[in-house]
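Number of protein chains: 4
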Amino acid sequence: MGSAGAGKSRRMPREVRERQMMDAAVATFGQRGYRAASMDEIAELAGVSKPLVYLYLNSKEELFTACIRREADALLAAVRAGVVERGIAPDQQLWAGLTAFFAHTAEHPDAWSVLYRQARTHGERFADEVAGMREELVSFVTGLLREAARATPTSAEPADLGDRDVVGVAQALVGAAEALAGWANETPDVTAREAASTLMNFAWTGLGGLMDGERWSAGNSAVVRR
Amino acid sequence: MGSAGAGKSRRMPREVRERQMMDAAVATFGQRGYRAASMDEIAELAGVSKPLVYLYLNSKEELFTACIRREADALLAAVRAGVVERGIAPDQQLWAGLTAFFAHTAEHPDAWSVLYRQARTHGERFADEVAGMREELVSFVTGLLREAARATPTSAEPADLGDRDVVGVAQALVGAAEALAGWANETPDVTAREAASTLMNFAWTGLGGLMDGERWSAGNSAVVRR
Amino acid sequence: MGSAGAGKSRRMPREVRERQMMDAAVATFGQRGYRAASMDEIAELAGVSKPLVYLYLNSKEELFTACIRREADALLAAVRAGVVERGIAPDQQLWAGLTAFFAHTAEHPDAWSVLYRQARTHGERFADEVAGMREELVSFVTGLLREAARATPTSAEPADLGDRDVVGVAQALVGAAEALAGWANETPDVTAREAASTLMNFAWTGLGGLMDGERWSAGNSAVVRR
Amino acid sequence: MGSAGAGKSRRMPREVRERQMMDAAVATFGQRGYRAASMDEIAELAGVSKPLVYLYLNSKEELFTACIRREADALLAAVRAGVVERGIAPDQQLWAGLTAFFAHTAEHPDAWSVLYRQARTHGERFADEVAGMREELVSFVTGLLREAARATPTSAEPADLGDRDVVGVAQALVGAAEALAGWANETPDVTAREAASTLMNFAWTGLGGLMDGERWSAGNSAVVRR
DNA sequence: CATGAATGAGTTTTCATTCAT
DNA sequence: GATGAATGAAAACTCATTCAT
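Chains as they are written, first to last, in the numbering used here: chain A, 1 to 226; chain B, 1 to 226; chain C, 1 to 226; chain D, 1 to 226.
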């Protein structure tokens, strides 16, 4: 008889078991919420006994943290993979990244919920974990923005876009993307491409203006080019 | 000193007590999260016994719902108040609204957390409550966008901005505002005016372009004016 | 304007208020059960404030006791009234009493529930109260049985029916009546007369035999007349 | 001493623990009443922690239902066992059944209280459970009565006892038995045999008359043989 | 390696009862 | 006399976590 019997297939390598548990955990945390998810439910969904979950993952907190990390890494990897495939003009890169972002979040709604709903709502300990990933996204976008600014000869005074501005814009852009992703996930017909298009239309043209030195100021309604 | 001494004076009219309880509830829910907040803690913070909380507010769910509603109304009222004071050019209105939005959320971080973190993470029942408010914000912005589009003679073909586009843009704008508010609340030095400026700069110029018929398309990197 | 205004008619004599409260209490205790009935509900149903209930009836226990007593007295009175009207042959008296018993319990289901379900299930303190009434019923029946025995010349040795036997039979008779009343109350079509008939047929003929000296004994299946 | 010492030995197989819990529950429910019995008390009496009670029996309601079922089955089994041993003449069978009934209820007063006091007083959900058992008792008695009627050649017109009559008589008989059991349980010296004798004397002779066509009617005091 | 057995601590919720006015 | 305001105490139920095997 081979060791991999056709029966219940107990005894699996730790790695595999751990993945099953985390899959179950992400699904449960995503759907029920961190507090409402019970270790019982997670263990049952993973098809293992509760003590085994504790043996491998120590505590609910650590389990949740591990979920956040895994899913954050996966999302980042997806975005980067989407971009790296090509690798040319900044707007194309942004477009590719956004598309990947929207596609990934749409395909992994539980992970989305864990990262963007649960983690941020249950203590700084977890929120910081996501904040780290978010910063990487922002710095990724910031890089693209800078590259675009450099590549845009139109602007006579290229340093117009201050550092703080760039970060602010990147923050807003990422925030808008996250908000759009949430919206798209809850709205049946919206595809990743559509969402990405909407955002690009909205953002890139504005960015173009911004980089051309256009500013809106509270004093006068017109957009001035200084 | 009147007979209503400042001393121990337990015994207060229901209205007052109810407000105290809801203040305590918003603070606790906002900081601990819906599930982690205990009725015990809320009661203690309000300075009353738990049964009184139940007598007046029936259950944790109803209490939370009441908090959401109160804070949603307050936020909407703040935004509208900020705008109505003036009442002129659409961009000025948007600016006023955004400023009011950022100011209000900055001044009421617990309410912010309740509305944008907790309510959305603990069951549709609560999320719907916020979705209602959000829709009012979106429709408010949508109105401004339409008004602006009408008022912009530049665009030869005024119907360029389709209905779906307008709503999508408004969604993104509101989402960006919400994301910025979150960022501003967590970043010490950022003021409401600054946040509003960033967003206006980012959004309004882009909108201008959009209304002028500029579009970004995946096919070619340049922004085309069709 | 007379003091009995057409308005809310506050200020009613204590007696009246007390009756209202006890009516409400009997209804609530009967339907919800002693423990499940809340003073809140009783007060509301009676249309008074809770402190007033306490002022007049002191405590839940006392209130319940008062209810039991009132309804026990009412039931006894109904049975006696049914009998006294006539006053002749013992079997006719029993028939009248049973009919009155079944009619009263059918007309006052809440009182029935209080006496026969609730009171016996929530502590000796209350059970004793009902036991008192029950003893009066039993002794009433015992009296009839003795009277009947005396009036039956058939039995050569009239002392055949020992004291213990008589009480046992009376117990069984009352028990059967109570069980039948419960059954009749839960079975739509059964009338008080029908129930009484069934019991009389069952019981009286048997009693006749008993008084004639017939006995059933475990040793031989036949009924012997010794 | 074996490895299974009589010492502290917590850790027991589920089956055993479950029985212990239900024993404790029957005792507590029987003595305190359904509502007054607390899960804490039951757990303590069973020598386990509350969570274990919930783990095995889910809720107070389910626990109570399980108790009712177990005790109802036990009582039915006792009655049937008492009868089946013999299996001859109907009156002997009835006698055996009654004796077993009285003996069992006398030996298990808490179970008696659960079945005949508590279950009937706390919601149809539970009452129905007992009603089921009661129906089996009634149909058991009904069968005996029919058998007896068939076996009695005395009656010229054997169909005299209508179906409704038989059921009514069986109801009253069972009711009388239940009442007698209650009385016997509360009265020190009364033995099961005595109670059974009383009822047989009372009932069987009457049944004999009934089957002979004797009827009592409100119109005339005499028992007529029609 | 893997699990059935077990629990301490905490949650929401309810209720009988009493003041202060 | 009558009530709105208020609470101490307890009940049902849940959960993360740990042993003993």
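Possibly wrong hints are sitting among the right ones.
Note that identical chains are pooled: a pair holds if it fits in a single copy or bridges any two copies.
[Said to hold, decoys possible] Taking lysine to aspartate or glutamate and the DMTMM-like style, the derived pairs with C-alpha atoms no more than 25 Å apart in a straight line are: (1) Lys-60 x Asp-73; (2) Lys-50 x Asp-128; (3) Lys-60 x Glu-214; (4) Lys-50 x Glu-107; (5) Lys-50 x Glu-147; (6) Lys-60 x Glu-15.
The hints are simulated quantities; they were obtained by calculation from the structure and are not laboratory data.
message = Of all the hints numbered above, which does this structure not satisfy? Sort the numbers upward.
response = 2, 3, 4, 5
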